[in-house]
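Number of protein chains: 4
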Amino acid sequence: MPIRTADEYIESLRGRNLRVYLMGERVDEPVDHPVIRPSINAVADTYRLAEEEPDLASAPSSLSGRRVNRFLHVTESVDDVVMQNRMQRRLGQRTGTCFQRCVGMDAINSLYSVTYDIDQAKGTEYHSRFKAFVARMQEENFVIGGAMTDPKGDRGKPPSGQDDPDLFMRVVERRPDGVVIRGAKMHQTGCLNSHWLLVMPTMRLLEADRDWAIAAAVPVDHGNITYIYGRQSCDARALEGGEVDLGNAQFGGQEAMIVFDDVFVPNEYVFMNGEFEFAAPLVERFTSYHRRSYVCKTGLGDVIIGAAATIADYNGVTKASHIRDKLVEMAHLNETIYGNGIAASHESKPTSAGNYQCDDMLANVCKHNVTRFPYEISRLAQDLAGGLMVTLPSDKDFDSPETGPILRKYLTGRPGVSVDNRRRVLRLIENMTMGRNAVGYLTESMHGAGSPQAQRIQIARMMDLPSKQALAKKLAGVDEDDGDGEQA
Amino acid sequence: MPIRTADEYIESLRGRNLRVYLMGERVDEPVDHPVIRPSINAVADTYRLAEEEPDLASAPSSLSGRRVNRFLHVTESVDDVVMQNRMQRRLGQRTGTCFQRCVGMDAINSLYSVTYDIDQAKGTEYHSRFKAFVARMQEENFVIGGAMTDPKGDRGKPPSGQDDPDLFMRVVERRPDGVVIRGAKMHQTGCLNSHWLLVMPTMRLLEADRDWAIAAAVPVDHGNITYIYGRQSCDARALEGGEVDLGNAQFGGQEAMIVFDDVFVPNEYVFMNGEFEFAAPLVERFTSYHRRSYVCKTGLGDVIIGAAATIADYNGVTKASHIRDKLVEMAHLNETIYGNGIAASHESKPTSAGNYQCDDMLANVCKHNVTRFPYEISRLAQDLAGGLMVTLPSDKDFDSPETGPILRKYLTGRPGVSVDNRRRVLRLIENMTMGRNAVGYLTESMHGAGSPQAQRIQIARMMDLPSKQALAKKLAGVDEDDGDGEQA
Amino acid sequence: MPIRTADEYIESLRGRNLRVYLMGERVDEPVDHPVIRPSINAVADTYRLAEEEPDLASAPSSLSGRRVNRFLHVTESVDDVVMQNRMQRRLGQRTGTCFQRCVGMDAINSLYSVTYDIDQAKGTEYHSRFKAFVARMQEENFVIGGAMTDPKGDRGKPPSGQDDPDLFMRVVERRPDGVVIRGAKMHQTGCLNSHWLLVMPTMRLLEADRDWAIAAAVPVDHGNITYIYGRQSCDARALEGGEVDLGNAQFGGQEAMIVFDDVFVPNEYVFMNGEFEFAAPLVERFTSYHRRSYVCKTGLGDVIIGAAATIADYNGVTKASHIRDKLVEMAHLNETIYGNGIAASHESKPTSAGNYQCDDMLANVCKHNVTRFPYEISRLAQDLAGGLMVTLPSDKDFDSPETGPILRKYLTGRPGVSVDNRRRVLRLIENMTMGRNAVGYLTESMHGAGSPQAQRIQIARMMDLPSKQALAKKLAGVDEDDGDGEQA
Amino acid sequence: MPIRTADEYIESLRGRNLRVYLMGERVDEPVDHPVIRPSINAVADTYRLAEEEPDLASAPSSLSGRRVNRFLHVTESVDDVVMQNRMQRRLGQRTGTCFQRCVGMDAINSLYSVTYDIDQAKGTEYHSRFKAFVARMQEENFVIGGAMTDPKGDRGKPPSGQDDPDLFMRVVERRPDGVVIRGAKMHQTGCLNSHWLLVMPTMRLLEADRDWAIAAAVPVDHGNITYIYGRQSCDARALEGGEVDLGNAQFGGQEAMIVFDDVFVPNEYVFMNGEFEFAAPLVERFTSYHRRSYVCKTGLGDVIIGAAATIADYNGVTKASHIRDKLVEMAHLNETIYGNGIAASHESKPTSAGNYQCDDMLANVCKHNVTRFPYEISRLAQDLAGGLMVTLPSDKDFDSPETGPILRKYLTGRPGVSVDNRRRVLRLIENMTMGRNAVGYLTESMHGAGSPQAQRIQIARMMDLPSKQALAKKLAGVDEDDGDGEQA
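Those protein sequences? They're chains E, Y, A and W, same order as listed.
Following this note's numbering, the residues of the first sequence are numbered contiguously, the last one being 509.
Following this note's numbering, the residues of the second sequence are numbered contiguously, the last one being 509.
Following this note's numbering, the residues of the third sequence are numbered contiguously, the last one being 509.
Following this note's numbering, the residues of the fourth sequence are numbered contiguously, the last one being 509.
Take these hints with a grain of salt, some might be off.
[As the list claims (entries may be wrong)] Straight-line Cα separation of at most 20 Å, EDC-like style, residue types lysine to aspartate or glutamate; simulated pairs:
id : chain 1 : residue 1 : chain 2 : residue 2
1  : Y       : Lys178    : Y       : Asp230
2  : E       : Lys370    : Y       : Asp230
3  : A       : Lys340    : W       : Asp485
4  : E       : Lys178    : A       : Asp230
5  : Y       : Lys430    : W       : Asp282
6  : E       : Lys430    : A       : Asp334
7  : A       : Lys173    : A       : Glu46
8  : E       : Lys340    : W       : Asp346
9  : W       : Lys370    : W       : Glu305
10 : W       : Lys173    : Y       : Asp441
11 : E       : Lys417    : Y       : Asp500
12 : A       : Lys173    : A       : Asp334
13 : A       : Lys370    : W       : Asp76
14 : W       : Lys430    : Y       : Asp283
15 : A       : Lys495    : W       : Glu264
16 : A       : Lys495    : W       : Glu74
17 : E       : Lys430    : A       : Asp187
18 : E       : Lys143    : E       : Glu298
[What the hints assert, rightly or not] Chain W is nowhere near these chain A residues, computed Cβ spacing over 10 Å in every case:
id : residue
19 : Pro55
20 : Gly86
21 : Arg87
22 : Arg115
23 : Arg176
24 : Gly182
25 : Arg196
26 : Pro240
27 : Gly327
28 : Val338
29 : Ile363
30 : Pro371
[As the list claims (entries may be wrong)] Pair by pair, the computed Cβ-Cβ distance ranges are:
id : chain 1 : residue 1 : chain 2 : residue 2 : range
31 : Y       : Pro55     : W       : Ala153    : 47 to 57 Å
32 : E       : Pro23     : A       : Pro426    : 34 to 44 Å
33 : Y       : Asp184    : E       : Ala341    : 43 to 53 Å
34 : E       : Asp500    : Y       : Glu161    : 55 to 65 Å
35 : Y       : Arg25     : E       : Asp500    : 26 to 36 Å
36 : W       : Arg225    : A       : Ser342    : 14 to 24 Å
37 : W       : Ala153    : Y       : Pro422    : 37 to 47 Å
Bear in mind the hints are in silico, worked out from the structure with no lab data behind them.
In this text, a Cβ means the ideal position worked out from N, Cα and C, and glycines have one as well.
Build the full structure now, drawing on both the sequences and the hints.
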């Protein structure tokens, strides 16, 4: 029975007996843990959107012959790539956080073409295996998580040069029926909330790194996997029992460390096994998709712009020209990101395997602006919020009979604005600029899908200076064979 | 006989006996004037590109049933809108300046749908007249210039409120067979290099401004028109006889003031006549197209990046990480503009008239970045150029037997780089950041298609704060009917 | 017996029976509360610095004839003003947070000259009262807190126009021996950690606001005062028992709301009482000092630059040029702030009362940069920190026998770097960019001493456009009496 | 007879028979050349200011025992250093350009202490020679120009490694009574307008470069010197005969290349001769002074802000909030530069020789902002100017009976504003952002006193990361001897 609704999705996560550690303790049932649950709600919304707006969040797949959640869809047209961005922005707007499914979506689209290319070069049969795997996921309507980032140890050395070979995920045993893998993946988005994980190499590999060239699918509830939950700014507020101080009580992101302690993977779930020369293309295609997927942050941007406009309204200053101007600047920056993202998608080209790959330059440019503009949007939101955002007493002080009335007396603003609504909006801005969802809106915007320098390196690769220099030289009348000795 | 080649285009401009004034004197033959000729060369390159890359710079038109220059093409698909941007970037790369034909292209696409809408609302027949006009232009392969910007006089007053009613272009007489118009259009790009001008109102009009609601086509060589040429930074260098100091000797832009001294326009060339309420839609559609057309500046950006990379190479510093990083930043900013422009085009929607109109938000965002990023790109180019760019002696000093050898001795840089090539590249950077083509690359980027504040106003209109506020309120748990008195 | 040491200071705060509420409960003894204590430690460091570096943090006062803590010193020379900035930066470096005493220092320097001016104008005797008060504080070596920011209610209305007159602090009763005041002061820095509070009006007042024109000193432990503690990002981590996750376990800032429920103030502690026309000068002089006092943030900037450099070192990437370049940028921005601050102080002029007042334009410029640069420095610090900063498991997970060894295995970086040191530095960066001290480093930098727009208004007042226009007109050869009708 | 007035200064330049080349021709009398004269006027204004405001622009010198022009003054107090900045800003305001005397002022202050240090180390007698030289200059009231920047040839190689040894200024012959020097100095500010030049090495030298370690004074009219004038944007407008199109008709900057063709320098004018290890300190002290001297650009900033405010006034838009806000931003950036400059001066310390040397970090920070903010100020000025700035017809068109009346009719703006005043202000903005004085306001701001990267290198040297890291480690509780193996 496939999962059909958001509620069924949540139920599907129960009783899996995952080994999850959080704040020093093993978590009984992640679904019911107050720190974890908001992240599950965010993923659940991807199911809800597919119910509510099927054109946006689902698509007919020729792999399984059925309409599938768009996060499980291998793109079959340029429009399919663009629609991912529209869906991502919409979910960002609905959740105000990271909804965690883009990694899986971008991973299946990358592996789709890379497995094809390996097969063409090596005579392997990864592509058909992979198609069968994706079709099965579509049939079950499962969440696929990606798992790419290795711990890396000493960054000056390759996998094969590390003192501890496990610092990159590797094959420790090859059997006729499959492989045994060991290692860890760092800060993996939504991993607990997934059903299957796609393990992939984290970077370009050389021949000596052959044992580290492994791509495979693993069920999240495999017994040899341990999850250690990352803590986020203000996460402990979820344990206090209230709602207001959370800012966004319903939705949150999730990152955890995944430790694979000799996990056996049957052959049918192995999609790369030693073909080290394909690690680089896989990483490049994945990051290209994924850098453009950061368009989701424009959905969060819409929320924070809305929150800033609301607090300005509650403060009675919407007509001040500088307030209006700051909102315009926030919108301008937000749409600049969006434009670059969808441009990358609109400029997609078919791969040899037949799915569609976005434009790499524009994808990198999109992500690079994501490492800058959300910070400025947040700064402007804090400007509009006023200092009260960081000096507001706790929800419990508002509930207390001793301090509640005093607070309500003195925090009264312009007529018609409730003190409680005012602080809810302030807490939302705090949540997105300093609290739990600042992790997703800011720091993940910085480092997810590659840190800023990774984009600069990629832009440098693609900016094609020689052709630009030829343009300039022609217009300047440069003659490098002019007898003046020029040989550059 | 239609114009077929760049050379034929140039010939078509000769002998028109235009009344053109430049530096205080009437110009005999603009085609041969050294200050004017580079601007003609730039337009000619739009013909040359159509010959060399017909897929890029021409398109089959269903209006005339023939393949036409893309600048004369009414868009028939989303792809047609996107292809405009590709062509614009390419021409920017080829000329390093403003090639002047976008105004006409954007004007015909705007008038195409607005004339249709007027006819629908008023029962007029502007649309068929307009289609016939465009088809004739296509058949002749003419250049259409736009003419929109009025002098405006006292900016606090509408056309009908000015002391001198001529400060906005207006109908001074209505006859059965046509209208007589009077007024001026300021800083009109490429007007002298056009065959016909499309006169349009410059802004939203009210009922009292009915006589100023005029859109019409006028031949450039009409006897009652006077052109007064605008001067540009360093324009006088074109009179010195040399080539190097020009930086870009072949190509330049053109703006002139056009004075219409009671010009009679027959009815067949009148496309709006008193329908004041359609002035605003016309201006909005035109500026929307045109703000996205500023993607052309990414072509200039490619040239200046290429020039900066070349001078770094000539200076022997390409391996310095800060040099590389500045080039990456320039490319990143340039591609950010491009992404927003083509995104606006990719997101085009059909109008009621059937042609395609780009996305307004993204078009404004594109242009707004154009008012910022070329300035930063120029600053970085000057950084890479070094101070020599502004202290280099004149070309004549290099030619002089007394100073030439001294200069060549002391300006020798790394082996293999000729002094002459080095100064040519420096002069090109000067040209684009301070000289003639800085007018197009910087100041026109600022003010063309509307000054920065015009984009901010338009972004403010479209940013839809209420829907963003609703997103925020939902996530914050705001209840504005919570009995707390909130009525906002 | 005056307070002589940091420890004596801490002891002086005990047993005052303050009515303090925090997270819904009355706090027994603030000195021992884990959320509050770090803020006390920060103030204590102002005593410790005076012991360790007396030239920096103390000065001979002619008021009391003794060497006093510089925070209690009324400036007697330009150098005294500059030395405040040096001390502020040093304390920022030592604590990495807001050490809370600048408000009091700036308040006594402002009131010193304003009370003098009131006396001159009105024949009152505030100045001698005030000098006696300051001398007593110096003798006791007490901490003076300032209390300026009123709740303000409907921001479109003056104090006298509010529905609830208490929304600005006011005199509710005038007696022969003193006044009774009522109202609240919002987000008051370090109020609990002070011995006395200086109450001051929050803005320019008009005649109708006479009852709101009150400046007075009140002991912190007055029985009719209630304190409601503001909560900060991640404050609850202080309740968890560990140290590492706090980032900066020792030091923190403090803001609380102070409610004055009909507090009687004897005449000797009243320094303004109805002289509404002096509210504006008081606010202006105070904000001028205080905007320059934000130089303290360059001390925090030194810490965050040091933390970023350390994590880069631990990650083994200090030689990467982009890393180095980001550190330079951080330093450049930090020193830009510092330069403007000390320039404002160096340009101090004596007041009529004899103390020294800093340059207002430069003080505003300093603060205005503080509303921008710490955000960019934080962004760069997060860039250097890497994503691990927001995905690191909790301290308890590191202590756990089940997860601790796994974490230490997989988080090992380059040889010679301990995992624990690495996470400590990451937690410090989290603390300053998202956690408790981000309140002080970022949001307080935005809004303390006036939000950005307040500085822009003040810069606009002082930028003296007419004189700048005269310069331009002279150079341009403008003749506004040239018979051309110019009368501007 | 010393020079006493601006007019006497100008007369002192006549009849020197300098060998000056400009635009391919030898200049008869530079004083009367229309391209050169504005630069002479700018220097003359330094004399005029000394007459009009002696406290600002002169100082009592203990070297000559008389009151001397401040540009010839060796600083004797911190205040002397600060007063340089005040004078620089004032002259920037008066001239709107580079007044050319700072190089000499900064050179004498650097050489004063370096000659002292050489004597201390080497037993030479440069310091007394140098004092005698300066005293003589003071007595004559001469202009001293500096000459530091060598051509440098292949930048990857030291002076002694160049194919052509002349690419750095060098001693070609040592005689008992002096030395013979050969080489060139590039883009030397105000050299023609000086009476004496101080030749100095351009960078750190090694032992092999001993012959290039030469500092000496040379009279400008030495027969073996050739000057080749650098051309500037729009310089040819000075040859057109009009005034308006020049923007700033009276004042301009000057850079020229100076070629020393075996110039003999008597011993009394030699101040370093082979002491290569003192080249670095000389360059560092000079650049430190000189980077702070860029405070002059805030005077130009005042002019451009005034021009922008004036054109906004003429356009009738001064009340628009975005206009006001842009002016505030311009002022804020301008004052940020100023604050850093005077802070560097206020923080001066005495050298061993007794004069005062500014703070190096703040001087570098000041200059680094000068490489950024004037560009943004210019961008904003162009925003306020409107597109007319680059499309305005020539002055001759306004004078022409055919086009003048048309232009005056159509360029009429709001009542009371003359068309001629409007275009004068536009031309001034053009002059400063694209024209002749853009060379000084922008490109010289970028590269003078060292390009941006030179400041970054110097900031990196001084930012003292280890001490900042120690602060961070202490607060984070890092223990690098914690048995965990840390040895960093």
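Hints versus structure:
Distance check on the hinted pair: Y:Lys178 and Y:Asp230 sit about 11 Å apart at the alpha-carbon level, within 20 Å; holds. For a cut-off of 20 Å, the pair hint linking E:Lys370 to Y:Asp230 is broken: about 50 Å separates their Cα positions. Of the supplied pair hints, the one linking A:Lys340 and W:Asp485 holds, its CA atoms being roughly 16 Å apart against a limit of 20 Å. Between the alpha carbons of E:Lys178 and A:Asp230 the distance comes to roughly 71 Å, so the proposed pair goes past 20 Å and is violated.
With a C-alpha separation of about 13 Å, the suggested pair Y:Lys430 and W:Asp282 falls inside the 20 Å cut-off, and the hint holds. Of the pairs offered as hints, the one joining E:Lys430 and A:Asp334 is violated, with about 51 Å between alpha carbons and a cut-off of 20 Å exceeded. Restraint check for A:Lys173 and A:Glu46: not satisfied, since their Cα atoms lie roughly 26 Å apart, outside the 20 Å limit. With a C-alpha separation of about 15 Å, the suggested pairing of E:Lys340 with W:Asp346 holds against the 20 Å cut-off.
Using a Cα cut-off of 20 Å, the hinted pair W:Lys370 and W:Glu305 holds, with the two alpha carbons roughly 15 Å apart. Straight-line distance between C-alpha atoms of W:Lys173 and Y:Asp441 comes to about 17 Å, which keeps the hinted pair within the 20 Å bound. Using a Cα cut-off of 20 Å, the hinted pair E:Lys417 and Y:Asp500 holds, with the two alpha carbons roughly 19 Å apart. For a cut-off of 20 Å, the pair hint linking A:Lys173 to A:Asp334 is broken: about 48 Å separates their Cα positions.
For a cut-off of 20 Å, the pair hint linking A:Lys370 to W:Asp76 stands: about 18 Å separates their Cα positions. Pair hint W:Lys430 plus Y:Asp283 holds up; C-alpha atoms about 15 Å apart against a cutoff of 20 Å. Distance check on the hinted pair: A:Lys495 and W:Glu264 sit about 13 Å apart at the alpha-carbon level, within 20 Å; holds. For the hint linking A:Lys495 to W:Glu74, the alpha-carbon distance of about 19 Å falls within 20 Å, and the restraint holds.
Between E:Lys430 and A:Asp187 the alpha-carbon distance is near 9 Å, which keeps this suggested pair within the 20 Å criterion. The hinted pair formed by E:Lys143 and E:Glu298 meets the criterion: a straight-line CA distance of about 11 Å does not exceed 20 Å. The Cβ of A:Pro55 sits about 16 Å from the closest Cβ of chain W, beyond the 10 Å cut-off, so the non-interface label holds. Remark: the non-interface label on A:Gly86 is consistent with the geometry, its nearest Cβ contact in chain W lying 30 Å away (cut-off 10 Å).
Interface exclusion of A:Arg87 from chain W stands, the closest Cβ pair being 29 Å apart, more than 10 Å. For A:Arg115, the requirement that its beta carbon stay farther than 10 Å from each beta carbon of chain W is not met, with the minimum near 7 Å. Consistency note on A:Arg176: stated as away from chain W, and its beta-carbon is indeed over 10 Å from all of that chain's, at 18 Å minimum. For A:Gly182, the shortest C-beta to C-beta distance to chain W comes to about 25 Å, beyond the 10 Å cut-off, and the non-interface label holds.
At the 10 Å boundary, the C-beta of A:Arg196 stays outside the reach of chain W, the nearest C-beta of that chain being 46 Å off. With a least beta-carbon separation of about 33 Å from chain W, A:Pro240 lies farther than 10 Å from that chain, consistent with its non-interface assignment. For A:Gly327, the requirement that its beta carbon stay farther than 10 Å from each beta carbon of chain W is not met, with the minimum near 3 Å. Even its closest Cβ contact with chain W, about 13 Å, leaves A:Val338 beyond 10 Å, as expected for a residue assigned away from the interface.
The claim that A:Ile363 is not at the interface with chain W is violated, since a C-beta of that chain comes within 10 Å of its own (minimum 5 Å). The non-interface label for A:Pro371 is consistent with chain W: the shortest C-beta to C-beta separation is roughly 16 Å, beyond 10 Å. Evaluation of the 47 to 57 Å hint for Y:Pro55 and W:Ala153 yields a pass: the beta carbon distance comes to about 56 Å. At about 40 Å, the CB distance of E:Pro23 to A:Pro426 agrees with the hint of 34 to 44 Å.
A hinted range of 43 to 53 Å for the beta carbons of Y:Asp184 and E:Ala341 is inconsistent with their spacing of about 34 Å. The hinted window of 55 to 65 Å between E:Asp500 and Y:Glu161 is violated, with their beta carbons roughly 38 Å apart. The given range of 26 to 36 Å is respected by Y:Arg25 and E:Asp500, whose C-beta atoms sit roughly 31 Å from each other. Separation of W:Arg225 from A:Ser342 is about 21 Å and conforms to the stated range, judged on CB atoms against 14 to 24 Å.
Checked against the given bound of 37 to 47 Å, the beta carbons of W:Ala153 and Y:Pro422, roughly 42 Å apart, stay inside it.
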